[in-house]
Every structure is written in structure tokens, then in C-alpha cells.
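Visitor: Read top to bottom, the protein sequences are chains X and H. Numbered per my numbering, the first sequence spans residues 4 to 360. Numbered per my numbering, the second sequence spans residues 4 to 360.
Some hints here could point you the wrong way.
Identical chains share a label here; the pair holds if one copy fits it or two copies do between them.
[Unchecked claim] Derived lysine-lysine pairs resembling DSS-like cross-links, with alpha carbons at most 27 Å apart:
id	residue 1	residue 2
1	K268	K355
2	K111	K324
3	K114	K178
4	K339	K355
5	K56	K114
6	K111	K355
7	K178	K56
8	K309	K339
9	K347	K324
10	K196	K347
11	K309	K324
12	K347	K244
13	K56	K7
14	K268	K197
15	K355	K178
Derived from the structure by calculation, the hints contain no laboratory data.
Number of protein chains: 2
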Amino acid sequence: MSMKVNSNNNVVIMAGGVGSRFWPMSTTAYPKQFIDVFGTGRTFLQMTYDRFKGLVEPENVWVVTSKQYADIVAEQLPDMPRENILLEPCRRNTAPCIAYVSWRIKSKNPKANLVVTPSDHLVTDVVEFQRVISSALRFTSETDAIVTLGMPPTRPETGYGYIQADMQVPSLRNKEVYRVDSFKEKPDLETAKKYLKEKEFFWNSGIFVWSVNTIVNSLRIYQPEISRIFEDLLPYYGTDKEQAMIDQQFPLCESISIDYAVMEKAYEIFVIPANFGWSDVGTWGSLHTLAEKDDHGNTVIGQNVKLYESRNCVIHTTEEKKVVVQGLDGYIVAEKGDTLLVCKLEEEQRIKEFSAE
Amino acid sequence: MSMKVNSNNNVVIMAGGVGSRFWPMSTTAYPKQFIDVFGTGRTFLQMTYDRFKGLVEPENVWVVTSKQYADIVAEQLPDMPRENILLEPCRRNTAPCIAYVSWRIKSKNPKANLVVTPSDHLVTDVVEFQRVISSALRFTSETDAIVTLGMPPTRPETGYGYIQADMQVPSLRNKEVYRVDSFKEKPDLETAKKYLKEKEFFWNSGIFVWSVNTIVNSLRIYQPEISRIFEDLLPYYGTDKEQAMIDQQFPLCESISIDYAVMEKAYEIFVIPANFGWSDVGTWGSLHTLAEKDDHGNTVIGQNVKLYESRNCVIHTTEEKKVVVQGLDGYIVAEKGDTLLVCKLEEEQRIKEFSAE
């Protein structure tokens, strides 16, 4: 059975991050989303693109990234039109990024219906992911709803923001959609444990679904200055003046996240609790948890690695590298280009310190 | 005061080893003697050459090595004539090597007086080294003696051969020269401890001093087949046919060490006990012992290495490499080209196993 793809469906992949917690594998020059972290042959960006196949046409896939990554994106996603790579001249957090791409898409198709997603997360159950995304897109095509995807927590994670849902009454229109009560910032451990016990808290996956009109109108209301900037550029979108105008105007935007800019202010906010094997793979430890392990709990990514008397390690090297590791328990050994890290997994929160010049 | 260099003095540097215990820093393609192990800017071969300055003219320095290392030697010792690099077409241990170079030198100067030395050892007190070598050369210029240099042991080392001296009566001609009673192979620990207590046992440094006539005559007596091969090549030495003849004849030699071939058979064998800060730097552990250490007992060779909570480690990397090591105690971290080793220092005897393809 072949499904007709709804041509209003668009996906926005935000790929401007610098992935500093995965140093030295991830560097500013070549951050995490562009790396084949699991050694499967596909990078995070490519896996993100892949999981929308059949839901979104390639010409409706948009990637927003920094100028310096334009060629990497084009190389990794050759099926997507080059003009769908939108280039930020500087980093201004997610609200200006989403504002830009939203007006850009609206200028092409005012009926567009959008999924906004990070580029560097993992989804293991893509069938369920597509079912949930389809359900959300149906919902936002018929409503003015802002929909978030909430992940049922499996541990008292202090590294994520949480969404508190009103679980009393689901939407009449879609039984898996609930109203959001509030957004919670990264909690301390005690609070995270409380969230885990109650059934109304979900990890904020950073995946949003909305119609282009809904997000544009929300931005107009809650972020009028940012909105004016991108509204004023309407004559230039899709022309050869677009980049020059963006280069001029984008830096004038306030640096603010979409969560602060819109989500925490708007009323029609919903959450779909969803269970499709999601992880932000934000740390070496989470990679260790998610990736395949040998009998001794070692995750080895690299073609020519030999381990002796080692356990619970993550070894990540470039394919050409011959590596011998003996007698390590609970370490990261990561090598890329001219950089080598050997570090206890339990100390990985210090990697930013280690990587500082 | 400038000293007139005795133009009969020659030094033979044996540089054909493959240094497998220092993998991955030392590889068959680029073994230990050609590496700046201490990060001082001079390789073992260059340091070996340097310590004969003022004793031997550059045109009387000879290096015997494998064909594949000819260009490395020429590059590292540019002052030495290229024709003084003698090339073995295959490995036949030290006796054929010494036979070849001895006849080669004899063909040029029958009065030559020789020091034979490994190329990959360390000497820290070069002034004392030169004094001892001068004393030995004086002795062998006046006698038919085979002189070895014996290092007073400082620990019950099981990795070296030992020389047992007759310490009763020194030579009348030179008060620091004693007769050798016997050569001892690498002992077990118990025996090594016994040797350490008694005062007549010395480490065999592998440094020999003799006149060219003495060694040629000894080889004629004890190794007539090997001798005949190199004697027969006398018409070709120094001609453009030399290498072709060596390539043809050298492989016919028995593979045998000079110790077995001559030293253990000959009568006029002497030892000079000498204390000039010698080490064969045969292992990562000995490098760790000899090289400079930080306050936590770490030896770091490499320009861009950061250590956190680490102690008693040896870190050896190429200069371009940025390395961060956290939380290691008693490890080797060695990186060269496309190879990385992380291994407990106490397990370093397994490096041959680790490095096997």
C-alpha cells in the first residue's frame, strides 16, 4: 500500500548546535549532528531526515544551520534542494531560527503544516514515531494548536526540561492529545524523582508540531520585534537577495529560545505523550547506554579496536585508527583527528573543561 | 684545549633492530633507534653518534642497518659519509653484521681500532663515557684484547645478560681492565638477586672495543665460514659492486650473535666496569624511570598533553596531537600515526601480543 504524502507537510531540522559534550568526537568545526556516532553509516542529521521519509517530500524538508555547516548539510542530504538550507549568520537560539524558517515556508505555502525537530537526537521506533507525527500533523492541520511531544520519563533525569500535562481530559478531537499545564526547567534530583513517580510529567523532546499560521501568529503576539524582522523580509524570500538580507537583519534579533519566547506564554499548548525510543544522546554515558555492548559492557565504535581486560568502556575512534586498550574499567577513549581523550565516564560532565583551549 | 682525534678510531653503530617492545611509538617501519623518545630533539641514533664527537672523525663512523632504513640514517646523520652506511639485505643477528663492517673497515685501514655499539641505548654521563671509551681504545690499540663494557647492576634485572669478571687482579697495562670469567644469559630473579649482592657481576651493555685485526682474527678462528664470505669480498669493498655482492653473499651467513659466535669462545676477553648512566631503555617502564616526571610521577612526552587526576603514567604522543587524560594511575598512553595504545605499565611485557596484527 502506498500512501499519498500530504504536500502541506514540512519538517524543519534545526542543525546549528555545536555538541560540546561529545568532544573530541564532536567539535565546533564538525559537531555531533553531522557525525555517524553509532557507526551505522548514517549521521544524526541523516537519521533525522530518514525518519520523515513517506511523511514529508524532500522539497518540504528544511534545515536551519550556521553558515559554516552549509556544505556539510548539502553533502549529507543530497536529495533535499540546496535552497532549503537556511543559513544563520550568527547564533540567536531557537526563536529567531524558527521565526525565519516559518516565514520562509509561509511565503511558499501559507497552508504549510510543520514539524520542528532537533537534528541530533535518536529515535529507535521509527514506525511509532511516524504514527505519532502523523497524528499530530492531522491535529494541527485542523486546529490552532501548538503540539509538543512528551516522552514518559524512565529515570529521574536532571538534564532535560519537563512538560506537565493535564491528564484529566484528552482532546475531543484526538484522544492522545492533552493540554499542557506548565513547562518545567531542568529539575534537581529530588524534583526529578518526584516527577518520575507522578504520571503527568514528560521529558520535553524539543519536537514541536504546528501549522505555519499558528506559529507565525504566536510569534506576532509574543515576539513582535522578531516577527517584524522576518515579516519585513517577505519580498526577499526565495530570491537571490534573501541571504544578504538575512545576514543584515538576523543579528538584530534577541537571542531567546522558543520555549521562553512562545511556549511558556501561549495558551493553546498541547502535548502528545509518546513512546518511540527517544534519546537526545547528549552525553558519552547515554551513548554507552544506547549503543550495542560486548559481553563486558564495552561499546566499541571503530573498525580496528582490540580490548583486553576492559569493561564498561566507550571506545570511539575513526575507522582508520588501530587501537589497543588494556585494563580500563568505566572509561571513555575517544579519538578524532588530532585529538585524544581518555577519561572516566563518571567525569564526563567535565569534558567542556577538558576541551577548553 | 683541542684534542687531536686519533684517525684510527672508528665507531660501528648497529642500527638494524626493530624495537618491538616500544610499540606503537616504535614500529618496524620506524623503529626505536630513529625516534626522539625523550622529546629532546635528538633520536637515539643521533645521541649515539653525538657521544663519539671528539673521539672519532665523522668519516670513521659506520652504521650497519637494514636496507629499508638507509634513508632514515642518512637523513638523521647528515655529517657522516653516505658510503659509511652499510646495508644488510636481511637480518642475521650481530655476528655477520660485525664481520661485514670489520672487513669493510680493515680494507680501508688495517690499523683501525673499533668501538661497536648499539644504536638505541641511553648514556647520561657522556664525559665519563668518553673517558672510558678512550681508555678502552688505548688498551686495544696496544693489545689483542676484546674489551666489553660492564655496567655495575643497580637492581636484580632479569632482562639483561651479565658478565662475570675476575676482580682479583686488574690488567697491569690498565688498572680498570679485568679479565672476564664468563658470560651469563638473562638470569631468573633469584639468580639476578645473587648477582646483585656479589661485586663481580656486570650488565652486558653490548658495547665492545677491539682492534680490527683482533676481531677479524677471532672471527677467522671461531667463525671460519662467516669469515670466508667477507674475506672473499675484499676486492669489492668501496666499489660500486659492494652492495650487489653483499646482497648475494650476506644471506648465506648463519644467523648468530657475536656473544655466541666469539665472546663465549675467545680467551683474551676483558671487561671495564663503567658507570656512565647507561640504560638500554628497553621498555616503557624504563623510559618512565629515566625520563623527567611531574609532581605526580607522570612522564609526558608531547607538546599538547593535559593530565587530570593522573599519576605514574607515561604519555607519549606526536607533537601535533592534543591529548586529555583523566583519572589514570600507572598507565601507558602512546599514540603514533594511526595507532593508539592504552595499557597498564605493569602489563607492558604483553605489548608484542597487543601489537600483533
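Visitor: So, for every hint listed, does it hold in this structure?
Guide: Results for each hint:
For the homomeric pair K268 and K355, neither the shortest alpha-carbon distance inside one copy (32 Å) nor that between copies (65 Å) is at most 27 Å. In this assembly of identical chains, the alpha carbons of K111 and K324 never lie at most 27 Å apart, being 47 Å within a copy and 49 Å across copies at closest. Taking CA atoms no more than 27 Å apart as the test, K114 paired with K178 passes inside one copy only; the shortest distance there is 24 Å, against 104 Å between copies. In the homo-oligomer, the alpha carbons of K339 and K355 lie at most 27 Å apart both inside one protomer (16 Å) and across protomers (25 Å), since each shortest distance falls under that limit.
Taking the closest pair of Cα atoms, K56 and K114 come within 27 Å of each other only inside a single copy of the chain (20 Å); across copies the shortest separation is 86 Å, beyond that limit. In this assembly of identical chains, the alpha carbons of K111 and K355 never lie at most 27 Å apart, being 41 Å within a copy and 65 Å across copies at closest. When the C-alpha separation of K178 and K56 is checked against a cutoff of 27 Å, the pair qualifies only within one copy, where the shortest distance is 25 Å, while the shortest distance between copies is 90 Å. For the identical chains of this complex, K309 and K339 are neighbours both inside a copy (17 Å) and across copies (16 Å), given an alpha-carbon limit of 27 Å.
When the C-alpha separation of K347 and K324 is checked against a cutoff of 27 Å, the pair qualifies both within a copy, at 21 Å, and between copies, at 20 Å. Taking identical chains as interchangeable, the C-alpha atoms of K196 and K347 lie at most 27 Å apart only when both belong to the same chain, with a minimum of 25 Å there against 40 Å between chains. For the homomeric pair K309 and K324, the shortest alpha-carbon distances inside one copy (11 Å) and between copies (21 Å) are both at most 27 Å. Taking the shortest Cα distances, K347 and K244 never come within 27 Å of each other, neither inside one copy (50 Å) nor across copies (60 Å).
Taking the shortest alpha-carbon separations for K56 and K7, only the intra-copy value of 12 Å comes in at or below 27 Å, while the best inter-copy value is 85 Å. Only within a single protomer do K268 and K197 lie at most 27 Å apart by alpha-carbon distance; the minimum there is 25 Å, versus 84 Å between protomers. Proximity of K355 and K178 under a CA criterion of 27 Å is satisfied in neither setting, with 43 Å inside one chain copy and 65 Å between copies.
Violated hints, listed in ascending order, are 1, 2, 6, 12 and 15; each of the other numbered hints is respected by the structure.
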